[in-house]
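Enquirer: What follows is the residue order along each chain.
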Amino acid sequence: MITLTLKEPPTVPLEAEALSPDTIARLTIDEVRALPVFLGKRQRRLDDFFAVDGDPGEEVEVRGDVGRVKWMGRGMTRGVLRIHGNAGMHLGSAMQGGTIEVAGDAGDWLGAEMAGGVIRVHGNAGGQAGAAYRGAMSGMRDGIILIDGAAGLEVGMRMKRGTIVVGGPVRDFAGLQMKGGTIVLRQGAELRTGAWMNRGTIVSLKPLPLLPTFTYAASYNPTFMRLYARRLAAFGCALPFDERQGTYQRYTGDAAVPGRGEILVWHPNE
Amino acid sequence: MLRITGGTVYDPANGIDGIVKDLCVADGRIVADGDLDSGVRTIDASGMVVMPGGVDVHTHVAGGALNFARGLVPENQRAARKFLHRADRRAGLGGMTPTTFATGYLYAGMGWTTVNEAAVPILSARHTHEELHDIPIVDKTTLVLMANNELVLDLLEAGEVERARHVVAWLVWAAKAFGVKAVNPGGVEAWKWGKNANTLHGPIEGYKTVTPAMIIENLATIADDLGLPHPVHLHCNNLGVPGNFETTIETMNVLQGHRAHLAHLQFHAYGGHDWSTMRSAASRVADAFNANRNLTTDAGAVLFGDAVTITADGPWQHLLYQLTGRKWGNLDVENETGCGIVPYVYKDRNIVNAVQWAVGLELLLLIDDPWRIFLTTDHPNGGCFWRYPEIIHMLMHAESRKAQVRLLPEKAQQRILLAELDREYTLSEVAIITSAGPARSLGLAHKGHLGVGADADVTIYPVKPDHGFLFSYPRYVIKGGAIVVEEGDVREVVDGRELIVRPPCDPAIEDYIRPLFEKVYTMSFANYPVEIERLRHPEVVATR
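Going down the list, the sequences are from chains H and R.
Going by our numbering, the first residue of the first sequence is number 2, and it counts up by one from there.
Going by our numbering, the first residue of the second sequence is number 6, and it counts up by one from there.
Each hint should be verified, as a subset may be incorrect.
If the Cβ cut is set under 7 Å, some of the chain H residues that face chain R in the computed set are [stated by the list, open to error]:
1. Lys42
2. Gly136
3. Ala137
Hints listed in this document are in silico derivations from the structure and should not be mistaken for laboratory results.
Computed from a predicted structure; not experimentally measured.
Glycine residues also receive a C-beta, built at the ideal position from the N, C-alpha and C atoms.
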């Protein structure tokens, strides 16, 4: 395991896409120290900002508040990246495999356009988690993002496949232009959830305001929820599915596109 | 001063077809052998191919529409080739809609030294010239959009053709342009009522007597009467529509007796009745074109892959947006024209796209006179200009394109002729369609050839055993006597010139335009014309 300890938080954002197990695993510790990072437009060395200890390997631990360090774990395919503070924007962007764990909060664009792997954030996340970058056709294509706290705007925007679970409240436009995949909202969301969604599933365990372009279809307990619950249980995340506890109300939309997505709202039995 | 020795020279305008010959350059021009001192720099071009620098007769590299497109496709910019800042080079991006400086590096890096920005609204001419100034190395010309300009159309409605001619002349100079462009004559004007102009002889929306045919004929006459070096540059009605070859042939009939350039002919040579029956009508269009010796054209070829469609043809862009369901940008340029932007992907598994790909090549092969059809992709509509070498390769190697045809869906193969065409371009013909021909069509006497007095725009390609992608990486590119590309890399960045014309015009016409302008335009009249001081390196080309 290699440990990177932030010396002091940078005054302007630091871009550190080299900070990923793929890059670090094949280097010596001196090479790791010399990895390039960008402070604004200036290229600097990793050890200008981090104390580097341990043996380079597939496990990377980052200590300190790296809330201003961007692009960590970009495109990573394997290994573990563990962050013991807050993480900056674009964490795990385009990642394909491996695990990222954040003890604090994560910034915007968490796991944007990711294609595989697991991201777990114990605090809150910013906006556009698992989203498509501006203009791109699709957001996350696979993998799992678990956010224990709250999340910002446009969560899962244009996502195509994969799963996002948010434990806390979520702001507007969750699942905007969604094309597939699943978003689980444990505390519901604010306005315009699923706007322009074409396909995909949004599960809300709390009632939430729905757009008029979503139509009520049925109350039922979908069989697939049982499978989802089993999969998410592995991450310590309980998803209700039992008809003795309640039912899901299914709304289809967004008719404005028109789309065939669904929003499933959990209603526990009285 | 410079001497290029031992190269095999292809200079079709001067009848030189692969002769080993020395070239001498002084003061930015080609000079006779005796005019050089000894001890000048010599480029040993032994075993290499020497051609006049490329001339792009129809491209979109600057201005409001292109800038709008840049903003509309951030996902393309992200994937684009990056040009990092260096001491002698500005930063930029390549890709579908290259940034200004990168445009110059990319064109020059490919051996092209003159480009014609083919669609400038007068209202955004100032912006266009600012961007053109930032496109280094290449010389630039612009064409100004005229076929949906209400000042002009109102005069045609009133039968005041003489006055219309003066208005056109005034507008060309106001925009510091080089010639007149006509896009979907009448159709863009009709688009402002949500309509289009599908037939050449019906009156257009908002007018009683003005028809597309009338606009075409009058603009062609005006361009001739004004003695513009380049004739009217026409984007025909019904672009992209299945069965539009009839409109194209009818347009050729309307143009009889006039000079004209038909832009991106590929988009106007489709048969069939609808998308499910669309097929190549390249042979019909090519036959008609071959018989009309008054015309020139450019291919507007399509390459598979990403593109961004940018055109003043607003109604067509709306249709294309409905077909793709992706993004759409639409601009209304006051009383002058419109503009639409739609990102597009040409797929080889798509039958319509496969037919489009074939039609561009078929026209290049079926039109018998290379002096009348030029290489373009209507950048970035059919593909990016930096992919021209791929087209040249297919034109020179029948087997390579036949191999591609065999990979297309069977249904598409039945709707095209490409597999039956065996013609292969010679190097001399390549020099004609990429340089000598377009220079002649644009009326640029100093471009497109290597005779004494010509601009010293020279491209030197290393010959590879099988010709390969010979044209991708010139060994040297010389622009105005400066060696801008050496060993395949941009070494020296010089400024290009802007070539403009000042057609004869009655100065009193301004008194006619001013009150109309002040009534309907949002800007003040004094700010409308581009001052000559705005252009850093202008050069006025004489009218005919």
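Enquirer: Identify every previously stated hint that the structure contradicts and give their numbers, smallest first.
Expert: Violated hint (a single one): 1; every other hint is consistent with the structure.
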